[in-house]
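Following the hints, position chain B against chain A.
2 protein chains.
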Amino acid sequence: MSAYAIGVDLGGTNLRAAAIDPNGHLLARLSVEAQYAAGPERVADEIAQMIETIRQRLVDSSLQGVGIGVPGYIDIDAGVVMEAANLPDFEGFPIRERIQQRLDTPILLENDANVAALGEKWMGAGKDVKDLILLTLGTGIGGGIVIDGKVLHGFRGMAGEFGHMTVFPDGNPCGCGNYGCLEKHASASAIAAMGRMMHFGREIRSAADVYALAVQGNPRALRVFESMGRALGIALASLINIFNFPLYLLSGGPLPAWDLFAPSMFEEVRRRSFTFVPTGTRIEKAALGADAGLYGAAYLPLCHDC
Amino acid sequence: MSAYAIGVDLGGTNLRAAAIDPNGHLLARLSVEAQYAAGPERVADEIAQMIETIRQRLVDSSLQGVGIGVPGYIDIDAGVVMEAANLPDFEGFPIRERIQQRLDTPILLENDANVAALGEKWMGAGKDVKDLILLTLGTGIGGGIVIDGKVLHGFRGMAGEFGHMTVFPDGNPCGCGNYGCLEKHASASAIAAMGRMMHFGREIRSAADVYALAVQGNPRALRVFESMGRALGIALASLINIFNFPLYLLSGGPLPAWDLFAPSMFEEVRRRSFTFVPTGTRIEKAALGADAGLYGAAYLPLCHDC
Chain A
1 MSAYAIGVDL GGTNLRAAAI DPNGHLLARL SVEAQYAAGP ERVADEIAQM IETIRQRLVD
61 SSLQGVGIGV PGYIDIDAGV VMEAANLPDF EGFPIRERIQ QRLDTPILLE NDANVAALGE
121 KWMGAGKDVK DLILLTLGTG IGGGIVIDGK VLHGFRGMAG EFGHMTVFPD GNPCGCGNYG
181 CLEKHASASA IAAMGRMMHF GREIRSAADV YALAVQGNPR ALRVFESMGR ALGIALASLI
241 NIFNFPLYLL SGGPLPAWDL FAPSMFEEVR RRSFTFVPTG TRIEKAALGA DAGLYGAAYL
301 PLCHDC
Chain B
1 MSAYAIGVDL GGTNLRAAAI DPNGHLLARL SVEAQYAAGP ERVADEIAQM IETIRQRLVD
61 SSLQGVGIGV PGYIDIDAGV VMEAANLPDF EGFPIRERIQ QRLDTPILLE NDANVAALGE
121 KWMGAGKDVK DLILLTLGTG IGGGIVIDGK VLHGFRGMAG EFGHMTVFPD GNPCGCGNYG
181 CLEKHASASA IAAMGRMMHF GREIRSAADV YALAVQGNPR ALRVFESMGR ALGIALASLI
241 NIFNFPLYLL SGGPLPAWDL FAPSMFEEVR RRSFTFVPTG TRIEKAALGA DAGLYGAAYL
301 PLCHDC
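Protein chains in written order, with my numbering: chain A, 1 to 306; chain B, 1 to 306.
So that you can see chain A by itself, here it is in the shape it has in the complex (with noise of 0.2 Å):
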């Protein structure tokens, strides 16, 4: 009998499912419109249908088990969601134990940017790696980080804050108290805020508008990403600086414009590391979009002890 499991991502809008063999085939995926405002009970009733959904359309597999990646710090031995900014519900909140009664197969938990960076080790652009960092550049910028293809929590479940590493001492003021925060400028609303700031004549609602402008080849537009690339690798520079990993991978929605923070991007971190060159480290796309997650997720019990 083949075997499976299945991966679980507490997204923004979407609760999606997939199941994943041990190769790494997607053999099923499922996606529902997320119901958080009915409460954590709610949701882990959803996500436990979502299961059941799965296992009957692969009848003649098994479960090996469920990882859930939850936008939150973990409490990973308890299985409780200590700390998620977006879902304050379920803060303390035993959602591990809620879906474990209903289902017969074991839950993990697991940090969602966590859970994208495993993905990216194990399917995505870090297969032929053991240690690597993700960066994932949204509202703000989270990461994950694996050594030796398993994550690194911290003693609390809270490292790989690279949002909050400083890359300008007195730069733009973070909600964390602090001054130069790189997600207040290299994210997603970083870039939105830089182009508001910038005038064009035309309202900015989000990252996407300026790379628009930018594309057309507006030269303010142009310099938002620039800069946007300056604070990215003044931050990765350090990071390669520190780890010494052969992999660094970015991810998320302002990666197309890749082309246009690139540039920037690779000349800090070629002027701030001296080792960058001469070990031939790697600075690149992610490979699994949002389907990292899943990936990710699904390898929780799939591998044990990651």
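Do not take every clue at face value.
Note that identical chains are pooled: a pair holds if it fits in a single copy or bridges any two copies.
Claimed, not checked - Derived lysine to any residue pairs resembling SDA-like cross-links, with alpha carbons at most 20 Å apart:
1) K285 / D104
2) K285 / D128
3) K130 / K285
4) K130 / D75
5) K150 / L288
6) K127 / P246
7) K127 / E226
8) K285 / G72
9) K285 / E267
10) K130 / N23
11) K130 / D148
12) K130 / D77
13) K130 / R156
14) K127 / F155
15) K127 / A212
16) K285 / L108
17) K130 / I147
18) K127 / R156
19) K285 / V129
20) K130 / K150
21) K127 / E284
22) K130 / L27
23) K130 / L288
24) K130 / G65
No lab work stands behind these hints: they were computed from the structure.
Just chain B now, kept in the frame of chain A:
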């Protein structure tokens, strides 16, 4: 028959060796002036002789192996020093093989900052944790990363280059090609250089001269240490946000000035790391001083797989 290991430190001036038992008791120590000018073969001979001398003193115990801390990048598997700015003759020299030929015991090489971090973890200020980072403040700033009791090497043995984290993107120029490297703002050399900029009307030969003025209450000397503390705090806050480790240790010559630089250091860390206070993260002085490297080197053959 009781067991012990020998830790060897290739210091700038002296070769030092210590016999340490598995409980961390120091059984014997030896120090000789290093004959680096006579070449690596001669130094390998001297190390082998030191080990033999200790072995003869401890005939009733069994030597488990020898660990050697070397100031350079090590190819751990090959037992070869790949790069050593202060010991260029040792680059590519098969030091492990050469010593092993003379002695019938396993020889393990490791970077000197890494063995210091491991020593602090085993018998020093990090005894009660599994994960820690050590920053060594000297001519430059190096350090080691210990995760789950093991050294993080990176894919080319170059992890832990904290001295080249960018703290001020437009700060002091560094020989590495960067601007604003931590070690240009917070090492012992940086303290001396900042002291010279202050025109105290007396010769400043070292950080100790600036320290002497500061403890007398000289306000400009005090500002040097305040500035050094700020740079350290910026770097430590980023490290805390990245690793979420329970403990960060400082060691090296400037440590006696702790009371002068720590206030500004902690002020920066509290402001720049939102996880620092709520998680109870600690920043402390290392406990073993120059012996950390001896303990860590001796621990290599004792701990296996660290």
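Subject >> Numbers of the earlier hints that this structure fails to satisfy, in rising order >> reply: Hints 1, 7, 8, 15, 16, 22 and 24 are the ones this structure does not satisfy, whereas the remaining hints hold.
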